[in-house]
Every structure is written in structure tokens, then in C-alpha cells.
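Let chain E serve as the given structure and place chain R on it in line with the hints.
There are 2 protein chains.
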Amino acid sequence: MTTTQLSEQIRLKKSFLCVGLDVDLEKIPSHLMQEEDALFAFAKAIIDATHDLCVAYKPNTAFFEAYGVKGWKSLEKTINYLNENYPNHFTIADAKRGDIGNTSSRYAKAFFEDLNFNSVTIAPYMGKDSVEPFLEFEGKFAILLALTSNAGAFDFQTLTTDGQPLYQQVLKTASQYKNANRLMYVVGATKAEYLTEIRQIVPDSFLLVPGVGAQGGNLKEVLEHGANDQVGLLVNSSRGIIYASNGKDFASAARAKAMEMQQQMNHLLNLIF
Amino acid sequence: MTTTQLSEQIRLKKSFLCVGLDVDLEKIPSHLMQEEDALFAFAKAIIDATHDLCVAYKPNTAFFEAYGVKGWKSLEKTINYLNENYPNHFTIADAKRGDIGNTSSRYAKAFFEDLNFNSVTIAPYMGKDSVEPFLEFEGKFAILLALTSNAGAFDFQTLTTDGQPLYQQVLKTASQYKNANRLMYVVGATKAEYLTEIRQIVPDSFLLVPGVGAQGGNLKEVLEHGANDQVGLLVNSSRGIIYASNGKDFASAARAKAMEMQQQMNHLLNLIF
Numbered sequence: 104m105t106t107t108q109l110s111e112q113i114r115l116k117k118s119f120l121c122v123g124l125d126v127d128l129e130k131i132p133s134h135l136m137q138e139e140d141a142l143f144a145f146a147k148a149i150i151d152a153t154h155d156l157c158v159a160y161k162p163n164t165a166f167f168e169a170y171g172v173k174g175w176k177s178l179e180k181t182i183n184y185l186n187e188n189y190p191n192h193f194t195i196a197d198a199k200r201g202d203i204g205n206t207s208s209r210y211a212k213a214f215f216e217d218l219n220f221n222s223v224t225i226a227p228y229m230g231k232d233s234v235e236p237f238l239e240f241e242g243k244f245a246i247l248l249a250l251t252s253n254a255g256a257f258d259f260q261t262l263t264t265d266g267q268p269l270y271q272q273v274l275k276t277a278s279q280y281k282n283a284n285r286l287m288y289v290v291g292a293t294k295a296e297y298l299t300e301i302r303q304i305v306p307d308s309f310l311l312v313p314g315v316g317a318q319g320g321n322l323k324e325v326l327e328h329g330a331n332d333q334v335g336l337l338v339n340s341s342r343g344i345i346y347a348s349n350g351k352d353f354a355s356a357a358r359a360k361a362m363e364m365q366q367q368m369n370h371l372l373n374l375i376f
Numbered sequence: 104m105t106t107t108q109l110s111e112q113i114r115l116k117k118s119f120l121c122v123g124l125d126v127d128l129e130k131i132p133s134h135l136m137q138e139e140d141a142l143f144a145f146a147k148a149i150i151d152a153t154h155d156l157c158v159a160y161k162p163n164t165a166f167f168e169a170y171g172v173k174g175w176k177s178l179e180k181t182i183n184y185l186n187e188n189y190p191n192h193f194t195i196a197d198a199k200r201g202d203i204g205n206t207s208s209r210y211a212k213a214f215f216e217d218l219n220f221n222s223v224t225i226a227p228y229m230g231k232d233s234v235e236p237f238l239e240f241e242g243k244f245a246i247l248l249a250l251t252s253n254a255g256a257f258d259f260q261t262l263t264t265d266g267q268p269l270y271q272q273v274l275k276t277a278s279q280y281k282n283a284n285r286l287m288y289v290v291g292a293t294k295a296e297y298l299t300e301i302r303q304i305v306p307d308s309f310l311l312v313p314g315v316g317a318q319g320g321n322l323k324e325v326l327e328h329g330a331n332d333q334v335g336l337l338v339n340s341s342r343g344i345i346y347a348s349n350g351k352d353f354a355s356a357a358r359a360k361a362m363e364m365q366q367q368m369n370h371l372l373n374l375i376f
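These protein sequences, in sequence, are chains E and R.
Count along the first sequence from 1, then add 103; that gives the number in the working numbering.
Count along the second sequence from 1, then add 103; that gives the number in the working numbering.
Extracted from the complex, chain E is given alone in its bound form (with noise of 0.2 Å):
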């Protein structure tokens, strides 16, 4: 998928909205865990209820590992029921990985040839030979951390180097890198402000907003200061969609949560655009 597909993706759904698929057993309906597989059934009419109002998926890798072989099928079946159902929704292996080169090369294989990404999340702390394996795959992406929404981006991100906050001196190094045009990365709305630095480094690459809804980010302030003439801007939403509900209704809980997201991003877009 070529980030031309998904901005024209974007342009027809009136909707820059990722569906982040945080697929918990401790959460999820519990009339749901008699199935034989329970994550993927929930992944899957989750899937299913919202896959017109979004234009990504984002699997978070780790609530399927928890759950060791039987999880990492799980992941395997939600994948593939994605490529095979809904081919022009952009994925998102939410994985955060990053390690030294020949290392990272076995995780870009094991997110983009085993399991067919369109891209996975990575970690830039151990710079330039951890990242550039990512952006060796033509049509994949590598969406790296650089600001994220948590209360702990205030750790070691935003600490001042050469006159600039962490997070800004990993975008320029980063944007400097081979294939650098694979390249995403991971803005938290909870710090709307921050957006319009950013963008002036990044101008032309997509935005992946974690931390609108449940961490507090507004959405319109995220379009007003991130947005580039593309758009340029994947919105994710997860426990406010997902957990909508947690009885038999959980599915169109699901799609009344994603549809007030996506009619308030098709607001947004006809105000902005």
C-alpha cells in the first residue's frame, strides 16, 4: 500500500480514524470467551462493525503475545482476515520493536513477510542501523516513536540536546536515514501544541495520533496544528471503541463510538479542507 492509496482512502471515508485493536480477555464480552477463539472472534466483529468508518487497523502485538502460541495465531487469523476482507485498510503492527541491525531485520521479516503488514511501530533509541532494516521493503512503512502520550514521554523525550527537545533532534536524525520516505511516526495528541514543530520537520509524513479520547487529546486541535495538505494524519482510537460496551452489544457500541468519531473527523475535514 502507497501512502497515495491510504490519503485516497482518507478522501473517501471522511475519515483518518485507526481502530487500535487492544483485544484483552479480561475485557472483552464474556459471552465471547466460549468461542474457540475468543480474540480473534472479538477482533473480528470488531472489525466488522467499523471497517467503513476507518481507514486503519492497528493490532497492538502485545495483548496477543500474552497469551504465548495460542495469541500469535490469534494475531496470524486477524491479519489475514484483514488482507483477505478489507485489502485497502492500512495495518498497523503495534509492536514497538527495534534492535541491532541483523536483529531488526528478522522482526521487519516477521511483521511484513510472515504475517503482510502494511507497517509496524518501532523504537528509535538505538538509532540509525535499528531502524534503517524497517525501510528496506517497498510498500511497508516503519512508524517510529518520537512523542508519545504517555505521562513518561516527559522522562528522557522532551529533555533538552543541542538546544532541542529529545523527541524533534530524533525526527531530523531520523528523517535523515536511507528510505527515510518509509518512515511514519508516532505524534500523542495529548500535546496538540507540539504538532506544529513537528510538521514543519516532517511536513510530508503521516502522523500516527495515539491519546485522543480516553488520554485526553482534542481532535480538532490535532487537525488545526497537524494535518498537511494530505491530511497526513492517522487518528487512533482504541479502548473508547473497542470497550465501548462489554455486553452482546459490544459490536454496534463499537460502530456508534467509531461512526461519532468519524463524523466528527468528516466535520473537521470539510471545515479545514
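A portion of the hints provided could be inaccurate.
Each computed SDA-like pair below joins lysine to any residue, with the alpha-carbon atoms no more than 20 Å apart [unchecked claim]:
| no. | chain 1 | residue 1 | chain 2 | residue 2 |
| --- | --- | --- | --- | --- |
| 1 | R | LYS351 | R | LEU135 |
| 2 | E | LYS176 | R | GLU129 |
| 3 | R | LYS212 | R | ALA254 |
| 4 | E | LYS231 | R | ALA254 |
In short, the hints are calculated from the structure, not lab data.
For chain R alone, kept in the frame of chain E given last:
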């Protein structure tokens, strides 16, 4: 496993060697490819051939994940084999995880409960709430990336923040986290001269030192600069040991390389302790 028990093993075996299990189907001896589970067969043979010479094993999860569900099964078999047959060895899931709180909790559950590793490597970029969930498990350890041994380490880790390199800030901040006594740190041996300062910041913690051998670090320098009075070091070697030969003699060749390192360690421990 406690650090006291690990220190006892180091004294007993006159070794602070960790064998890194970077099990790569493209590099393992071709005759093993006929095995039903070649990854596990290789890992098992290496473990059996080296267990009396080392105190720790570090399966690199990327190399297992690259083969999907099958690879995850091999990882499970490997850690189960270690726990059943060599319960006195310290086990490290080299996974370099890190995410927001509830996601980190899931990763911790995956590696500490589902797979029953003693420890897991984690990345610091997302700060406190990404690290602390790993420190909630008694008898388990998180090994935080501080200064890695790859070229990309100089992209961000050595940037100056508040008058000190970022990796020192990471050590200082992390050592204040809740249950920080369950933290160890990754410190690359290619920069042994930095170890003296690192020891001042975290005098009592174990350091996991990659990069001796293949990446050019010097064992004597590491011990001189990095040891505390309990040794407090695990020096990792992966490729230099496990791929010493790709013929039918691979296990005995790995043993010979491990013994070379153990003998150097024994000699140095006698000199210094």
C-alpha cells in the same frame, strides 16, 4: 531467581558468560534442517554443549518471531527446556519491549508468566510508566537499554542532556523508579571506558554487556571498569559461540569457544578478585 543466587553461580562456575541464542535458520548447520523443529534442535544442542561454562542464556526473540507461530513454539520449547533441565541458569528474553502502562503489563505477563523467563530486555524511550510494570514481579528482572554496542548508539544515546549523555540520564532516572532493585542495564562493551562512570551511577546493579568478541569489546577492560564487588556483570556472546562451525561438529565447536571465554573469565576473576 535472585541476584544473590546469580552471583553464587558466577563464583561457582568462574564464569559470567551469557550465551546469546540468535537462532537463525539461514546459519544453522544444514543437517539440522531435517529436524521437525530445527530452531529448537539447534538451541538445545548449543545449551547442552555449553551449560557448565555459562551462567545465563539469552534467546533473541526476533529470530523466533520471524517464523511466526512455529517460531513462537520453538521459543516456548527452548525456555521450557532451560527451566526443566538447567534451573540455575539465568534466562533473558532479549525482546527489547516497552509501551504504555497497560501494554507493558501484557508484555511482562507474556515473558514472566506465560514463558517463565527470569528477565526481559526493555527500551527506555517511553519512560517510567513503560518500565515500572516490568518491575512488579518478584524474582524477575527487567534489563533496560542504556548504552548499546551498535553504531546507531551514537545517534541519540550519547547526546548531551542537562550536561550529561542521555544514557547516563536514563540510568539516573530509571534507578529512581519503583522497584528499581529489579532493574539491570544493557551496556555495550565497545565503550568500556564509559563503564567507570556507569558503575558510579548504578553501583549495585547487574550490567548485561554485549559486544565482547564479534563487536570488538575487550573482556579485561570490561571487568576492570565494569565489575562491582559481586562481579555484577553478564558478558554476552552470541554469534562468536553458536556459529563457531556450521558442520556436524557445531556443538563441540560452540563448546570450545565458550570454554575459551570461560577460561579467560576464570583467569581474570583470579587476577582481580
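(message) Run the distance test for E:LYS176 versus R:GLU129: straight-line Cα separation, threshold 20 Å.
(response) violated (24 Å)
(message) R:LYS351 and R:LEU135 were given as a pair; does the straight-line alpha-carbon distance stay at or below 20 Å?
(response) holds (9 Å)
(request) Sort out whether R:ALA254 lies within 20 Å of R:LYS212, counting only the CA atoms. (result) Violated, because 32 Å separates the two Cα atoms, which is more than 20 Å.
(request) Given the hint that E:LYS231 pairs with R:ALA254, test it: the Cα-Cα distance must not exceed 20 Å. (result) Since the Cα atoms of E:LYS231 and R:ALA254 sit roughly 8 Å apart, the hinted pair holds (cutoff 20 Å).
Violation of the numbered hints given earlier is confined to hints 2, 3; the remaining hints are satisfied by the structure.
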